[in-house]
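Using the sequences plus the hints, can you model the full thing?
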Amino acid sequence: MSTATTHDEHHHGAPSGIMRWITTTNHKDIGTLYLWFAFIMFLVGGAMAMVIRAELFQPGLQIVDPNFFNTMTTMHGLLMVFGAIMPAMVGLANWQVPLMIGAPDMALPRMNNWSFWILPFAGIMLVSTLFMEGGGPNFGWTFYAPLSTTFAPKSTDFFIFAVHMLGFSSIMGAINIIATVLNMRAPGMTLMKMPLFVWTWFITAFLLIAVMPVLAGVVTMMLTDRNFGTSFFSAAGGGDPVLFQHVFWFFGHPEVYIMILPAFGVISQIIPTFARKKLFGYSSMVYATASIAFLSFIVWAHHMFTTGMPVAGELYFMYATMMIAVPTAVKVFNWTATMWRGSMTFETPMLWAVSFVFLFTIGGFTGLMMGVAPVDMQYHDTYFIVAHFHYVLVTGALFAIFGAVYYWIPKWTGHMYDEKLGKIHFWWSAISVNVLFFPQHFIGLAGMPRRIPDYSLQFADWNMISSLGGFAFGLAQLFFLYIIIKTIKGGEKATTQVWEDAEGLEWTVPSPAPYHTFATAPEVR
Amino acid sequence: MESGDLTAANKRIVTRLAVVVLAMFGFGFALVPLYDVFCDITGINGKTGRIAAEEALGQEVDENRLVTVEFLASVNSELPWEFRPLVKKIRVHPGEVTEVNYFASNRTGNTVAGQAIPSLAPGVAAKYFNKTECFCFTRQTLGPHEGKNMPLRFVVDPELPEEVRTVSLSYTFYPAQDAAPAETISMEQGKLDSIL
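Line by line, the protein sequences give chains A and B.
Residues 1 to 525 in my numbering are what the first sequence spells out, letter by letter.
Residues 526 to 721 in my numbering are what the second sequence spells out, letter by letter.
Derived from the structure by calculation, the hints contain no laboratory data.
Given the structure is predicted, the values throughout are model-derived calculations rather than measurements.
For glycine and all other residues, C-beta sits at the position ideal for the given N, C-alpha and C.
The reader is advised that the hints may include incorrect statements.
Unchecked claim - Beyond 12 angstroms from chain A on every Cβ pair, some chain B residues (computed):
{"id": "1", "residue": "548"}
{"id": "2", "residue": "597"}
{"id": "3", "residue": "610"}
{"id": "4", "residue": "614"}
{"id": "5", "residue": "615"}
{"id": "6", "residue": "624"}
{"id": "7", "residue": "628"}
{"id": "8", "residue": "670"}
{"id": "9", "residue": "683"}
To be verified - In silico SDA-like links for lysine to any residue, alpha-carbon gap of 25 angstroms or less:
{"id": "10", "chain 1": "A", "residue 1": "493", "chain 2": "A", "residue 2": "346"}
{"id": "11", "chain 1": "B", "residue 1": "536", "chain 2": "A", "residue 2": "516"}
{"id": "12", "chain 1": "B", "residue 1": "536", "chain 2": "A", "residue 2": "209"}
{"id": "13", "chain 1": "B", "residue 1": "536", "chain 2": "A", "residue 2": "25"}
What follows is the structure, given as structure tokens:
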């Protein structure tokens, strides 16, 4: 397969000005756009988290009214999931997938431009609901009917269209990645030679294609229930609100793997580099990723143990859920085995990666606990759940993104980041994030419900500690912004290989990576 | 790969994946009837069954066993009706056709239509609880300040699992959705009939 010819041979440098960014079809430009968009959304969603933690600093209602608090929890969830984590992962894929498989660009560069430029409009539409009469979405990021249909604010229709647009964007991005991986690999780059980041994204893309349309379907049903007299989720018309949860979680469970599988890929790139060993069990990593993806489709109702499912259903979903622990354990084992007797050094990307393995696994274990149907009755809708999914999404997906940025930013900008500042950012975040989320396990087990702006007095101490951790973690991310800008502006020149003994095609192109790379396909042995 | 081949290959992939996307969009909607069918077969949703009167009378009565049936009633907050069962609970033999009455009255000066939705607990008993006649089969209309008895004739299937000694049947009256376009109502009614 030769990739010597490309679509955009006719221009060689980057056009200047704002039009460069609007009309760009270059995978590196689009990757950069995605990453900045994700960062902005991350800061907006993070500011909302600060409002939540400020309100929960003390019992009682002091800063915001309950409806606005609910809006904050909802928008925080939506922006972080659809605005920050997912676009950041797509941004990494845009930058890295072509570089890692020796392709000159993504397979469908024009569609790539589209899939990015839909995002800001969807994001603005979603955020604009905050300023509408009746306020923004206030029913939780899972938007359960009838809260999101019968009892929802008027702005919900804008939320629905924003979700439609985000879905379009993700689907186009996913199609692009699949086409790139299948058609654009350099000669000799067989599927089983592909770097794991590419593999995990390839599998994630299939998950996206399978479930984003279901999400589009469920919000469409909400739309017609709200405006056109249908009764999909209304018992009065013969529908069923529990049906909403089934359809939603049929999307929702694969969605959590959409956010974590690319993170697994990132970690599988970073650890071998800094352990100076080949990844242990490459093919088992690929198969484990594929099994996790498959299993994610058949476990959705473990989010619904308290809906009054029959025991047989609870048992099935419980055992199926437990099964996911097996391929996940294979991955954790392989990362550990890769580090075993490696010549490890702890540059910033490695710190994020090692902490990922440790902290993500804590989140995985609490997930296993709540997969046990009888005990989930206690955990359901408490802060224990909040602690669980923040361990897998913040110390999991987000830490992997941080690791990836530190790992690849020398290739993107041509400058090494400031190692000392990077380490400060890491330790600051890693400590504060545990102060923030670990106590939430305790207050959750003690019975504090999630999504409530007030709480009884016995939860006060841990909530205050959690809030303090939250403010510190939030501040750390502004520091991260400073590090990024500093790295873009200057710093020690990065070499081509950047990291000692780093393997992979991305380390064969100069730093910063030229606007066009691999115009002639590299040979892969 | 030559540039022409590449374009063709990309096109092929995009077409195939677009078909998958459309199919999955359809699948999301297909989950709606699938869910109803699944709940109907397994009877896990508290949705009770309907059988013909002759079939009900043909069932053998199990004189050795008594099942307590409790009747509950609630009214959706948007429907200005009073609604209650005339008997709170009775004990019946499985297989025995029994008739009870609910009472509903309209507290407003307007004619109002309502639709009752049944739910049976425990869920496992739902498919063994069959009705031959029920006010919930159709929408009910009450004139200004009109009140009337709402009959319900049911039979508990003798196959009802041994461990179930009490079942609770609840009805919630909702305002019938007049605002909906005509087709939607007939579709909903069709759907209701298949469920009730």
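Hints and how they fare:
1. 548: With a cut-off of 12 angstroms, residue 548/B comes too close to chain A, as the shortest Cβ separation is near 8 angstroms.
2. 597: holds, 15 angstroms
3. 610: Consistent with the label, residue 610/B stays out of reach of chain A, its closest Cβ about 19 angstroms off (over 12 angstroms).
4. 614: Answer for residue 614/B: holds, closest chain A Cβ roughly 22 angstroms.
5. 615: Consistent with the label, residue 615/B stays out of reach of chain A, its closest Cβ about 25 angstroms off (over 12 angstroms).
6. 624: The claim stands: residue 624/B keeps its Cβ more than 12 angstroms from every Cβ of chain A (closest is about 25 angstroms).
7. 628: Per Cβ check, residue 628/B is outside 12 angstroms of chain A; nearest 21 angstroms; holds.
8. 670: holds, 23 angstroms
9. 683: Non-interface label on residue 683/B holds, nearest chain A Cβ at 22 angstroms vs cutoff 12 angstroms.
10. 493/A x 346/A: Holds, at roughly 20 angstroms.
11. 536/B x 516/A: Judged against 25 angstroms, a Cα distance of about 23 angstroms means the pair holds.
12. 536/B x 209/A: Given that 25 angstroms is the threshold and the Cα spacing comes to 16 angstroms, the pair holds.
13. 536/B x 25/A: This hinted pair holds, its Cα atoms lying about 18 angstroms apart.
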